[in-house]
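Asks: Take a look at the letters that make up each chain.
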Amino acid sequence: MQKCYLTGQNKYTQIKDRKDSFEEDAEDAGGGLDGGQGKRKMRQQPLPSAVRCMMYGFGDDQNPYTESVDILEDLVIEFITEMTHKAMSIGRQGRVQVEDIVFLIRKDPRKFARVKDLLTMNEELKRARKAFDEANYGS
Amino acid sequence: MAAPGEAARDGLGAAEQDPPPAGPGAEEAAGAGGAGGAEAGEAGAGGEARAEAADGEGRSAGAEAADGEEPGLQPCAARRARLELKERKEKKQKVDEDEIQKMQILVSSFSEEQLNRYEMYRRSAFPKAAIKRLIQSITGTSVSQNVVIAMSGISKVFVGEVVEEALDVCEKWGELPPLQPKHMREAVRRLKSRGQIPNSKYKKIIFH
Numbered sequence: 001m002q003k004c005y006l007t008g009q010n011k012y013t014q015i016k017d018r019k020d021s022f023e024e025d026a027e028d029a030g031g032g033l034d035g036g037q038g039k040r041k042m043r044q045q046p047l048p049s050a051v052r053c054m055m056y057g058f059g060d061d062q063n064p065y066t067e068s069v070d071i072l073e074d075l076v077i078e079f080i081t082e083m084t085h086k087a088m089s090i091g092r093q094g095r096v097q098v099e100d101i102v103f104l105i106r107k108d109p110r111k112f113a114r115v116k117d118l119l120t121m122n123e124e125l126k127r128a129r130k131a132f133d134e135a136n137y138g139s
Numbered sequence: 001m002a003a004p005g006e007a008a009r010d011g012l013g014a015a016e017q018d019p020p021p022a023g024p025g026a027e028e029a030a031g032a033g034g035a036g037g038a039e040a041g042e043a044g045a046g047g048e049a050r051a052e053a054a055d056g057e058g059r060s061a062g063a064e065a066a067d068g069e070e071p072g073l074q075p076c077a078a079r080r081a082r083l084e085l086k087e088r089k090e091k092k093q094k095v096d097e098d099e100i101q102k103m104q105i106l107v108s109s110f111s112e113e114q115l116n117r118y119e120m121y122r123r124s125a126f127p128k129a130a131i132k133r134l135i136q137s138i139t140g141t142s143v144s145q146n147v148v149i150a151m152s153g154i155s156k157v158f159v160g161e162v163v164e165e166a167l168d169v170c171e172k173w174g175e176l177p178p179l180q181p182k183h184m185r186e187a188v189r190r191l192k193s194r195g196q197i198p199n200s201k202y203k204k205i206i207f208h
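Line by line, the protein sequences are chains A and S. Going by the working numbering, the letters in the first sequence line up with residues 1 to 139, in that order. Going by the working numbering, the letters in the second sequence line up with residues 1 to 208, in that order.
By construction, these hints were calculated from the structure, which means they are not laboratory data. Where hints are given, some of them may not hold.
Below, in silico cross-link-like pairs of lysine-lysine (DSSO-like), each with a Cα-Cα straight-line distance of 27 Å or less [to be verified]: (1) K132(S) <-> K130(A); (2) K89(S) <-> K107(A); (3) K91(S) <-> K116(A); (4) K92(S) <-> K107(A); (5) K126(A) <-> K94(S); (6) K126(A) <-> K89(S); (7) K130(A) <-> K172(S); (8) K172(S) <-> K11(A).
Because the structure is a prediction, the values reported are computed rather than measured.
Produce the entire structure from the sequences given, and follow the hints as far as they go.
Replies: Okay, here's the thing in structure tokens:
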């Protein structure tokens, strides 16, 4: 754990070091469970809290460093941007379609399986929802 | 049938335990319906094959690749292909059920902290609105919902890969979590050299 050589304090900040932490934020962009963010928001993106929860879920500490979260968030945005650009250049130009994404992912087994699972489950849920609604109308 | 409705409201990034039990049930119904339909097709195909035997032989080589509909195949080959398909589906269902049971046993034996982490792992997801806004700001046109679903799913897997690699790096350097930026950057460098991070900024010269 590195310490700043000038002040001797911890070099990286965790959320629990901030005085105004663990406050349930009213705004919820629908992403994950809000672990409590400080009052000042350095960026206007609702991604950070989701990334924070994800890092904990994947094995990091319960309070990951803010700097690491920022790095990951930048990585994710760059990843999505790259994927979108690539998807726009293949298949039907200028549009992003699911088939293009699946084509770009075909070499990566984890992502491919995940996309297949998600889309299959989406279809099942839609079917179940439709059947549920029809049952409602019938009775 | 309240369970599927509730599961639907959870959002697709979560995919809780409820859908899997409903999944095999729905799959079974679909499989039975498919088998019934294929049988009716086979009765018609049997009559057809007797009428035009030579044509059926020529087409069977190509049609053998497609498991589903086989008009023109010999009846016994069609039946065999359909049986194989049904067997494979049943085996897959049984494997799914086994896996679900194993998962349930595993999750029931988690400690408090592990349960917390597992819940975070399943429930965390990117907000669909933000992803949709990001993609639309890049393309300039609107995108379908499936694209947003696929993209958020892939991003979550991507985060997982980076975090796992960073934890490996951290352990290798003999340090403890929480992860520091130097671990993340080393993890990204490793993933890049493996080609798992897309980078279209410069062309790769193959034979230098």
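Asks: So, for every hint listed, does it hold in this structure?
Replies: For each hint, the structure was consulted:
This hinted pair checks out: K132(S) and K130(A) have alpha carbons roughly 25 Å apart, not beyond 27 Å. Distance hint between K89(S) and K107(A) is fulfilled; the C-alpha atoms sit about 25 Å from each other, no more than 27 Å. Between K91(S) and K116(A) the alpha-carbon distance is near 19 Å, which keeps this suggested pair within the 27 Å criterion. In summary, the hint linking K92(S) to K107(A) is supported, as the alpha carbons are separated by about 23 Å, within the 27 Å threshold.
About 24 Å separates the Cα atoms of K126(A) and K94(S), which keeps this hinted pair within 27 Å; it holds. For the hint linking K126(A) to K89(S), the alpha-carbon distance of about 22 Å falls within 27 Å, and the restraint holds. As the CA atoms of K130(A) and K172(S) are separated by approximately 51 Å, the hinted pair breaks the 27 Å bound. Of the supplied pair hints, the one linking K172(S) and K11(A) holds, its CA atoms being roughly 21 Å apart against a limit of 27 Å.
Hint 7 alone, counting from the list given before, is not met by this structure.
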